[in-house]
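Asks: Please construct the entire structure, taking both the sequences and the accompanying hints into account.
The lines below spell out each chain.
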Amino acid sequence: MRTTDTGAIAPPPPYGYAFLDTPRPLIEQTWTVLARQDATGYVGILVYNFRQSLWFLDAEEGILLGAILIECMPNLLRSIGSVFALEYGDEIELLRRAWVQSETEQMESLAALLGPVKPSLQEGEAL
Amino acid sequence: MSEQQQPSVQPAIQVEPPRLPSGYIQMAEEVIPLLSHDDGRWIARVLETSSLQQGMLIFEDQHKIVFVSAEESATVLDALLAHHWHLLPYRSNEYNQTHADRLGRLGLAVHAYGAAPSALWRSTLPGEGGSEA
Chain A
1 MRTTDTGAIA PPPPYGYAFL DTPRPLIEQT WTVLARQDAT GYVGILVYNF
51 RQSLWFLDAE EGILLGAILI ECMPNLLRSI GSVFALEYGD EIELLRRAWV
101 QSETEQMESL AALLGPVKPS LQEGEAL
Chain B
1 MSEQQQPSVQ PAIQVEPPRL PSGYIQMAEE VIPLLSHDDG RWIARVLETS
51 SLQQGMLIFE DQHKIVFVSA EESATVLDAL LAHHWHLLPY RSNEYNQTHA
101 DRLGRLGLAV HAYGAAPSAL WRSTLPGEGG SEA
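Residue numbers (our numbering), protein chains in the order written: chain A, 1 to 127; chain B, 1 to 133.
In short, the hints are calculated from the structure, not lab data.
Quick caveat, the model's predicted, so the values are computed rather than measured.
Any given hint might turn out to be false.
As the list claims (entries may be wrong) - Stretch by stretch, here's where chain B covers chain A in the computed footprint (C-beta under 8 angstroms, at least three residues):
no., segment
1, 8 to 19
2, 27 to 36
3, 44 to 55
4, 58 to 67
5, 85 to 97
6, 102 to 115
Said to hold, decoys possible - DEER-style ranges, computed between Cβ atoms:
no., chain 1, residue 1, chain 2, residue 2, range
7, A, L114, B, T49, 39 to 45 angstroms
8, B, L47, A, Q37, 30 to 36 angstroms
9, A, E108, B, K64, 34 to 40 angstroms
10, A, S109, B, R19, 25 to 31 angstroms
Claimed, not checked - In silico negatives: residues of chain B with every beta carbon more than 12 angstroms from chain A:
no., residue
11, E16
12, P18
13, R19
14, L20
15, P21
16, S22
17, G23
18, S50
19, D61
20, Q62
21, H83
22, Y95
We treat Cβ as the ideally placed atom computed from N, Cα and C, and that holds for glycine.
Replies: Encoded structure:
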């Protein structure tokens, strides 16, 4: 058993996986941890509960899942229940800020690529 | 695969996204290959008809691998962002090129989230302790 920063006790590794970090609690008795899959040697993200592997994504799949979740975040946040949002307020706020930041910087880099938009109009000049 | 000999230079593969497993309705976004087209795993934002919950579905050949509800997605993303620096050293160059746009956006999000590479972790990673780009 390992103890997290918050004092929760994590279940031991399920068969076939070696933990590479301290597990983090998800919700409803599920945990996630950086792990190595014994059979393949792949390092990735393991989601598990007591002694049972629920799913495992290798590093590339895990990174891409994160990227896709960021894209879907506004819609996902909208469908999250208020009780959950209250309980996980800090995490939700971090995710919201992360999404806003990525969107804003995407727009800024796009604007930089496009260059100034019709400066003559801004200066009141005739077309 | 064995019925036809492939030419030495293969044309670009055009793969139609597979149909979703029964019990799930696709929401607005596209169905996205989770890794590459020949890997077989896809992901989509869906509505689970039995629970009426929105979430993310990872599936393969119309079979569900996992459904992660919106609430679980938030905690999974929270964990993925926190582990981002640990996962980076294990990706390939081909992967970087294929998913450059998405990785760029994710990098911005990770920055905003405040996740930072752990010095201890970097020292244990292969190749100079995780020399990610």
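Asks: Are all C-beta atoms of chain A more than 12 angstroms from that of B:G23?
Replies: 17 angstroms, holds
Asks: Please settle this one: B:L20 was flagged as non-interface, so is its CB more than 12 angstroms from every CB on chain A?
Replies: 16 angstroms, holds
Asks: Please check whether the beta-carbon of B:S22 is more than 12 angstroms away from every beta-carbon in chain A.
Replies: 20 angstroms, holds
Asks: Has the segment 8 to 19 of chain A got at least three residues whose CB is nearer than 8 angstroms to a CB belonging to chain B?
Replies: violated (count 0)
Asks: Are at least 3 residues of the segment 102 to 115 of chain A within less than 8 angstroms of chain B when you compare beta carbons?
Replies: As far as the segment 102 to 115 of chain A goes, the hint holds, because 3 residues have Cβ atoms under 8 angstroms from chain B.
Asks: Within 30 to 36 angstroms or not, the Cβ separation of B:L47 and A:Q37?
Replies: 31 angstroms, holds
Asks: Has the hinted range 25 to 31 angstroms been met by the Cβ atoms of A:S109 and B:R19?
Replies: 36 angstroms, violated
Asks: Evaluate the condition: distance from the CB of B:Q62 to the nearest CB of chain A exceeds 12 angstroms.
Replies: At about 18 angstroms from chain A, B:Q62 clears the 12 angstroms cut-off, so the statement holds.
Asks: Starting from the range 34 to 40 angstroms, see whether the pair A:E108 and B:K64 falls in it by beta-carbon distance.
Replies: Taking Cβ atoms as reference, A:E108 and B:K64 lie about 39 angstroms apart, which means the hint holds.
Asks: Check the non-interface label on B:H83: least C-beta distance to chain A beyond 12 angstroms or not.
Replies: 5 angstroms, violated
Asks: Examine the segment 58 to 67 of chain A: at least three residues should have C-beta closer than 8 angstroms to a C-beta of chain B.
Replies: holds (count 10)
Asks: Looking at B:P21 again, its CB stays over 12 angstroms from all of chain A?
Replies: 15 angstroms, holds
In terms of the numbered hints stated before, the structure departs from hints 1, 10, 21, 22, listed from lowest to highest.
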